[in-house]
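*Asks:* Take a look at the letters that make up each chain.
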Amino acid sequence: MARLELDSVTKRFGDGPDAVVAVDDVNVDIADGEFLVLVGPSGCGKSTTLRMVAGLETVTDGEVRLDGTRINERGPAERDIAMVFQSYALYPHMTVRGNMRFGLEESTDLDDEAIDERVEETAAMLDITELLDRKPGALSGGQRQRVALGRAIVREPAAFLMDEPLSNLDAKLRSQMRTELQQLQNDLDTTTVYVTHDQTEAMTMGDRIAILDAGELQQVATPLEAYHRPANRFVAGFIGEPSMNFVETTVEDGALTAGEGLVYPLAGDAADAVAGASAVTLGVRPEDVRVSADGDPADVASEHVFDATVDVVEPMGNENVVHLTLPNGPDLTATVDGLRQIADGTDARVGIPAKAIHLFDRDSGEALHNRSLDDAEMDAPNV
Amino acid sequence: MSRVDDLRGTLAAVDRSRAALYAVLFAMVAFYLAPLESGLATSIKTEAGFRATTPYAPPPLGEFTLAAWQVAFDRLSQGLINSLLMAIPATVLSALLGSLSAYGLTNLDWRGQTGVLVLFVAGVFLPYQSVLVPLRQFWSAVDLPSLIPLGFVGSYEGLITLSLTHAAYGIPICTVLFRSYYATLDEEMIEAARLDGASAATIYRRIVLPLSVPIFAVTLIYQFTQVWNDLLFAIVLVTDPSNQVVTVALNQLQGSFVNQYNLQMAGAFVAALPTLVVYVLFGEQFAKGVAGES
Amino acid sequence: MLGGLFGRSERDPDDAESDGEQRSRPGGEQRLRTDGGATASASAGTDASILTRLRRSEFVESIPFWGPPAVLVGIFVYGAVAWNLVISLIGWDGLGQPEYTDFSLAAYEQLLVDPSFTSAFWNTLILLLVFTVLSLAVGLLLAILIDRGIRFENTFRTIYLLPMSLSFVVTAIFWAWMYNPRIGLINTALRGVGLDVLTTAWLSNPDVKLFAIIFALMWQFSGYCMVVYLAGLRAIPRDQYEAARIDGASTLRVYLRVIIPQLGASTMSAAVVLMVFALKAFDFLFVLFGVNPGQSADILSVMMYRVAFDRLQWSYGAAVATVLFAMALSVIGPYLYAQYRRGEL
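Protein chains in written order, with our numbering: chain A, 77 to 459; chain B, 3 to 296; chain C, 231 to 575.
Simulated from the structure, these hints should not be mistaken for laboratory data. Worth double-checking, as some hints may not be accurate.
Claimed, not checked - Straight-line distance between alpha carbons at most 20 Å, and here's what the computed SDA-like set of lysine to any residue pairs gives:
{"no.": "1", "chain 1": "A", "residue 1": "Lys211", "chain 2": "B", "residue 2": "Glu190"}
{"no.": "2", "chain 1": "A", "residue 1": "Lys211", "chain 2": "B", "residue 2": "Arg10"}
{"no.": "3", "chain 1": "A", "residue 1": "Lys211", "chain 2": "B", "residue 2": "Leu187"}
{"no.": "4", "chain 1": "A", "residue 1": "Lys211", "chain 2": "B", "residue 2": "Ala21"}
{"no.": "5", "chain 1": "A", "residue 1": "Lys211", "chain 2": "B", "residue 2": "Pro212"}
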């Protein structure tokens with residue numbers, strides 16, 4: 077059990093002018109027992125960050141602390157950390173038992189019996205007891221994944237590091253393992269840092285998520301915070317599927333304008349937020365866009381309703397993803413109930429509710445205004 | 003009907019081109035085996051027999067004899083034993099050293115690896131002529147029996163010298179072969195072992211070495227044939243006739259039985275037998291070793 | 231092929247822990263001090279950490295593994311090459327021990343005016359070029375034939391590569407018999423098909439001697455080229471053949487325009503090995519001709535042995551050896567550099 081702190085952690089590859097900054101001044105404080113998901117597109121530095129915590133990469137600048145003690149200089153073996161790798165990295169010539177024993181043999185003074193006991197216990201917990209005498213080559217992908225987990229858990233480390241551990245599983249198994257892994261982490265209550273590029277995993281698994289882009293930390297927040305109160309345009313676009321709609325607008329007379337097709341009057345907080353700004357990105361999540369084939373959407377003020385053409389409808393079963401074009405204006409994506417019939421090529425009325433909009437500074441990408449959560453059945457998170 | 007005819011035409015064309023393909027393949031087989039076949043046929047003929055018949059024909063009735071093989075074997079048996087005594091330790095030693103250095107240069111990370119590696123790789127291509135004179139000087143300055151005070155060293159000095167020389171010059175190619183294999187090991191697996199608390203030496207002993215069996219097979223087989231087949235080092239470094247290796251003995255046999263081709267051929271086969279056996283049994287590994295040399 | 235061998239190349243340049251870098255970093259300790267109470271223990275930790283870091287750095291950990299082999303290679307390869315260079319400068323002859331007192335380039339000056347060096351040098355170049363091109367061409371042909379999805383592929387491949395497993399002493403004896411002017415297989419076969427005009431004393435006729443040697447060496451090495459090319463062919467995705475066929479190209483054109491151009495790396499690595507072999511080819515000629523192959527077939531590697539170990543002109547032999555080494559270096563230097571530039575070392 078441990079608290080893990082990253083304090084201005086920076087990683088540069090190379091020297092001088094050729095140096096590449098892979099991780100730039102990342103600060104995260106991970107509480108004891110917390111499940112933190114590090115998420116971002118590939119190449120954003122999330123794996124490098126994890127490897128610095130593991131001791132597999134040197135820290136160029138800043139400090140990694142475990143329970144308040146600097147561990148930058150400790151070798152990977154001396155950090156009391158276990159890691160689950162994307163490739164599982166099992167030792168192919170050892171049985172499952174051998175794989176699980178290895179870490180205990182090398183890093184503890186436990187006698188054979190104690191090691192056996194620990195291995196058996198962990199195997200039982202993961203339901204892999206009957207696999208103990210098989211070699212990794214004889215296991216399915218899902219079984220290997222469990223063994224890789226078992227190898228980490230059996231060591232009872234201060235923290236787990238997981239590097240895309242589910243990405244080699246097929247979709248069904250992946251969602252099953254997601255739940256199981258969360259439960260396991262809950263039971264063990266061990267501090268966990270979990271790296272993934274998959275925003276669904278990030279949303280569903282983490283106590284908090286840390287979103288990285290181009291080596292820089294964008295936001296650390298609970299999943300819902302990141303979803304509803306993104307710190308900037310990158311987070312808003314990265315979290316959520318289908319992605320948030322963005323419309324590049326200019327502010328004219330208290331209204332957002334995008335070409336001739338879209339003039340969106342602002343009021344209240346939103347209007348205050350753009351005071352002094354001239355270039356603003358309007359963001360709205362697909363599920364907040366109201367679409368109706370006949371009259372105006374019921375709960376949207378008339379000045380926020382626009383004519384549109386339905387380009388393509390992608391039926392997903394539970395919902396339809398509707399791609400729309402506003403004449404002389406932007407494209408929008410909306411999700412509507414799966415039972416609704418909307419045909420390609422028809423005309424529609426589109427409403428963008430004022431309380432659902434996000435506004436971002438077009439230059440910096442910073443959030444100027446986030447949607448209101450007044451009528452949400454949750455406590456408005458503090459941002 | 004035309005469609006059927008077309009199909010027949012196509013099939014016939016395919017058949018013709020396949021037939022031509024196999025004809026060329028078999029012609030090449032004849033080309034590669036001709037010297038061996040001619041040698042083998044000659045080795046079991048009497049002298050009158052190989053003078054009277056075509057070289058590739060089997061011995062005619064009454065001209066068949068294994069006498070040449072018998073003589074060749076008697077002449078070369080000491081050389082065979084010496085070659086084995088020399089080649090096996092040399093092969094094992096350079097494979098082991100190659101494995102160790104490849105591990106240090108591949109699976110452990112440090113700056114400047116490439117520089118050291120280039121020196122090893124360049125060593126693969128060294129023409130041995132450019133070290134022969136110093137090598138002779140070096141070994142004449144080293145007094146092995148006094149360095150290693152064991153009874154047998156004195157009488158096998160030439161073989162030990164030759165074996166150690168082959169071991170040293172075999173390190174570069176063995177390192178290259180092992181490195182090519184170690185580079186394919188899962189890097190995350192090595193990292194997992196480090197996180198599990200294993201030291202570099204433990205990782206080598208418990209993870210890398212047990213996984214090296216296939217590449218040890220390739221390296222041992224390839225390097226064994228290389229060492230066994232060498233003549234140059236042997237004629238320069240071994241002067242004592244009782245330490246003569248089989249290639250030198252075969253060369254002398256050839257020189258002393260100038261026109262007795264049946265004896266020469268039998269000798270060639272006797273000297274080549276161990277490598278031929280190894281090749282037939284482990285052709286796959288030999289091919290990998292050969293491909294790795296480039 | 232080196233490309234395949236050195237697959238692991240993209241090392242992060244910063245991976246190796248550099249102590250100098252750590253020490254020279256100004257931020258570390260100061261920041262610690264702002265953390266208040268941590269100062270004392272942290273700075274003590276930094277002092278000790280230089281030692282612990284050194285002990286723990288992968289460079290230090292790796293030395294026991296590559297160090298001893300590197301020392302052996304350093305002595306036997308590079309030390310010996312340097313020693314050879316020194317010996318070439320000291321004018322050492324005969325049975326006595328060398329004296330490292332007077333250094334001169336006399337041996338190299340002698341090379342320039344020695345007609346046997348000139349002929350050996352040119353013969354070496356001819357051998358190097360013709361042998362390399364011929365072996366590559368035959369090897370490529372074999373590889374393409376084998377790659378046509380034939381039956382008994384392994385058997386064919388095993389047979390073609392077989393000569394490569396034999397000692398040059400053995401193959402020289404076989405080929406001396408093949409080339410026997412009266413009853414050897416080559417002349418017998420030529421007479422058999424009515425080509426009596428072509429029969430000759432292959433290994434004594436100065437006009438054909440070198441070619442006869444090259445042909446026999448090609449027999450031995452083309453299987454090696456086949457193996458290298460086969461690996462190159464197998465690395466080309468099957469789709470490319472099919473795509474080219476769908477585009478309407480004939481089999482010949484598929485190979486000429488699509489496949490062979492992609493075998494550049496295989497050609498280069500095989501060519502380097504063949505050329506370096508041509509420079510050191512010794513055993514084969516020595517078994518056939520002893521130390522005197524005659525002017526038309528003399529090559530530098532044989533000349534080196536003759537001069538040094540037969541005539542005991544050690545310095546002169548060492549000078550020939552230096553020329554050989556320089557020639558080998560001029561072949562592998564650019565090759566290794568190209569590999570390095572492509573990040574394949």
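*Asks:* If a hint holds in the structure, say so; if it does not, say that too.
*Replies:* Tested hints:
{"no.": "1", "hint": "A:Lys211 / B:Glu190", "verdict": "18 Å, holds"}
{"no.": "2", "hint": "A:Lys211 / B:Arg10", "verdict": "53 Å, violated"}
{"no.": "3", "hint": "A:Lys211 / B:Leu187", "verdict": "17 Å, holds"}
{"no.": "4", "hint": "A:Lys211 / B:Ala21", "verdict": "47 Å, violated"}
{"no.": "5", "hint": "A:Lys211 / B:Pro212", "verdict": "14 Å, holds"}
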